[in-house]
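There are 2 protein chains.
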Amino acid sequence: MYKLSIDAMSGDLGSAIVVEACEMFIKSHHDAELYVTGKKEELEKLSSYPHIHIVDARDIVKMDDGIMSVRRKKESSMVKAVMMAREGIVDGVVSCGSTGAFYTSAMLFLKRIEGVEKSCLMVMMPTYNGKGMAMLDVGANAENTAEQLYDFAIMGYIYAKNIRGIQQPRVALLNIGTESKKGDETHQKAYQLLQQSDRLHFVGNVEGRDILSGDYDVVVTDGFSGNIALKTCEGVAGTLMKMIKESMMSSFKGKLGALLAKSSLYSLKEKFDYKSVGGALMMGFEKAVVKAHGASDAKAFSNAMDLAYQMVKMDVVGQMKEGLSQK
Amino acid sequence: MYKLSIDAMSGDLGSAIVVEACEMFIKSHHDAELYVTGKKEELEKLSSYPHIHIVDARDIVKMDDGIMSVRRKKESSMVKAVMMAREGIVDGVVSCGSTGAFYTSAMLFLKRIEGVEKSCLMVMMPTYNGKGMAMLDVGANAENTAEQLYDFAIMGYIYAKNIRGIQQPRVALLNIGTESKKGDETHQKAYQLLQQSDRLHFVGNVEGRDILSGDYDVVVTDGFSGNIALKTCEGVAGTLMKMIKESMMSSFKGKLGALLAKSSLYSLKEKFDYKSVGGALMMGFEKAVVKAHGASDAKAFSNAMDLAYQMVKMDVVGQMKEGLSQK
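In the order they appear, the protein sequences are chains F and S. For reference, each letter of the first sequence is one residue, going 1 to 327 in the working numbering. For reference, each letter of the second sequence is one residue, going 1 to 327 in the working numbering.
Just so you know, these hints were derived from the structure itself, not from any lab. Wrong hints could be hidden among the right ones.
Put simply, identical chains are the same to the list, so a pair is met inside one copy or across any two.
Heads up, simulated DSBU-like pairs for lysine-lysine below, C-alpha to C-alpha not over 30 angstroms straight-line [said to hold, decoys possible]:
hint, residue 1, residue 2
1, K181, K111
2, K181, K74
3, K245, K299
4, K182, K74
5, K242, K253
6, K182, K118
7, K253, K299
8, K242, K182
9, K62, K181
10, K182, K73
11, K321, K131
12, K73, K3
13, K182, K111
14, K111, K189
15, K245, K45
16, K242, K27
17, K73, K181
18, K62, K3
Every value quoted in this text rests on a predicted model; they were computed, and no experiment measured them.
All chains, full assembly: derive it from the sequences and hints.
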């Protein structure tokens, strides 16, 4: 059985959507066992499923609690879920609570894979060809060494290969030019490490303008630049959609056009909505740690659960251990 | 008279558009004098204007020449234009040649303002409210110190105040969070320097997702992150426009809608087109150095000339000297 702990309480939309997601999930995953943490009276509906265990947790880490609140909120659904991973009861943990708090509790309570200096945050980004790419680190670290960037690359590569089923994932380094000598010392050195490695398929530097082209499966970046790139993507996409809407509404012809084109535009918005991607992965820990988006609906949350399940089933952590031990 | 040198040869579209731009410019700027460098037989049309001097230059720095080509191509229109600024014949220089080569020739041949450790590249970015904001450095440097970021902020502030006429430009620092303690040591220190300064109006950190909001007039960033942010903007905008087009073309209703909405979408594209902004400024030199876009038409090129003219007329360099001497 593949065992996961599920934090039912920390999302913006409360426990109801998590309960629904657990029901959806357990019906289609017969080799999975869930430990759901939260106020037991809100989780009663799940008690009829033999593979779901309800773990009563009276406290909640709120979205606006400081990240360090996880130190004292030991009775919270989030910390209890993480502790079950720490204690080896489960191999994966899923939460849709505050990213900062969840990441901090993973850092505080979970072991890192041996040889990994820094854990990091990975997100799936939409690409032009619709296949998406994985970018890491998108902000867990304010700065990284070349060796850490190399570790991120290995982790992203193993993820793309095993979870996304890509035979030979194309790994690129986010930099300010494509030539090997571009960027600061750290990025030049990272380029060398990646270039020399026979444990992944490095295709060179990628500039900001090409990350969404679909030509790369994994984009490796230091946490500072990665965070800037991720948030700039979000900002531009949001601004542009808003401008398109207004620009079309400013003339009668445009308005009529917008009306007719609405469903096309809407489906596009979905495709480009970072929220629909279903979450971020916290990489480098001995357990699968998946952050579902705070505003996840039941479908999105169960997608995040499925991701954690796949990570456990494919033993991605074990493969990362192996990949990273042979540096 | 305000004197500018104009490189007529290095753009993608040849000298004809520069000749046209010079004619447009000189008719509306009676206190300006131009020194136009290039093959004199291509510039003949300009010889009838008393305030235009033709400076014969037989060589051309091509777009795909290495940046160091400016060292040997002393007879090129680009280097000759820069040398006229070096020799004090003009106070500003405009080119639409290769950004790298033009920036390198400024670094090689022009003095930096005293006290400025690093020159940098500044671009105007479109914002949601249509007013735009200035971002610097967008890639001249691969890394920067906190003190250099402070210099960039002062330069951006003085530019926004004098050239854009903003009473109290709002200066923000691009970072991975809004709190003062966010980011690496350099950015934390830069925050302190900016916060303590009474020579500009610092409004705090800005994240990637908010740079285009219109809430900031100047966004200060190290060259690495700034380059990533700029190019990510370009990439997302381009990808999104392409996806919108295809998504609309995939259904009959969408197609009809697109047809009707075409002019709205087109005007939006213009607004968001980094090419139409008219160029980048190379900041930190004792002369006004303006890079017009390589594919500039006559109107865009004459906008770039006007920018250089305004920089000279308002003595922006002089004000930067003053602002930077009082750190």
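Status of the hints after comparison with the structure:
Proximity of K181 to K111 under the C-alpha cut-off of 30 angstroms is restricted to the inter-copy arrangement: shortest distance 26 angstroms between copies versus 36 angstroms within a copy. Taking the shortest alpha-carbon separations for K181 and K74, only the inter-copy value of 26 angstroms comes in at or below 30 angstroms, while the best intra-copy value is 48 angstroms. Taking the shortest alpha-carbon separations for K245 and K299, both the intra-copy value of 28 angstroms and the inter-copy value of 29 angstroms come in at or below 30 angstroms. For the identical chains of this complex, K182 and K74 are inter-copy neighbours only, at 26 angstroms across copies versus 46 angstroms inside a copy, given an alpha-carbon limit of 30 angstroms.
In this assembly of identical chains, K242 and K253 lie within 30 angstroms of each other by CA distance both inside one copy and across copies; the values are 18 angstroms within and 21 angstroms between. Taking the closest pair of Cα atoms, K182 and K118 come within 30 angstroms of each other both inside a single copy (24 angstroms) and across two copies (18 angstroms). In this homomeric assembly, K253 and K299 come within 30 angstroms of each other (Cα to Cα) only across copies, at 29 angstroms, whereas the closest approach inside a single copy is 37 angstroms. Taking identical chains as interchangeable, the C-alpha atoms of K242 and K182 lie at most 30 angstroms apart only when they sit on different chains, with a minimum of 29 angstroms there against 35 angstroms within one chain.
Only between protomers do K62 and K181 lie at most 30 angstroms apart by alpha-carbon distance; the minimum there is 22 angstroms, versus 45 angstroms within a single protomer. Proximity of K182 and K73 under a CA criterion of 30 angstroms is satisfied inter-copy only: 24 angstroms between copies versus 45 angstroms inside one chain copy. With identical chains, the CA atoms of K321 and K131 are at most 30 angstroms apart within one copy only, with a shortest distance of 27 angstroms there and 51 angstroms across copies. Proximity of K73 and K3 under a CA criterion of 30 angstroms is satisfied intra-copy only: 24 angstroms inside one chain copy versus 68 angstroms between copies.
For a Cα distance limit of 30 angstroms, the shortest separation of K182 from K111 across copies, 25 angstroms, qualifies, whereas the shortest one inside one copy, 35 angstroms, does not. Taking the shortest Cα distances, K111 and K189 sit within 30 angstroms of each other inside one copy (28 angstroms), while across copies they are farther apart (32 angstroms). Proximity of K245 to K45 under the C-alpha cut-off of 30 angstroms is found in neither arrangement, the shortest distances being 42 angstroms within a copy and 46 angstroms between copies. For a Cα distance limit of 30 angstroms, the shortest separation of K242 from K27 qualifies neither inside one copy, at 40 angstroms, nor across copies, at 40 angstroms.
For the identical chains of this complex, K73 and K181 are inter-copy neighbours only, at 24 angstroms across copies versus 47 angstroms inside a copy, given an alpha-carbon limit of 30 angstroms. Within a single copy, K62 and K3 get their C-alpha atoms as close as 25 angstroms, which meets the 30 angstroms cut-off; across copies the closest is 62 angstroms, which misses it.
Violated hints for the displayed structure, listed by number in ascending order: 15, 16.
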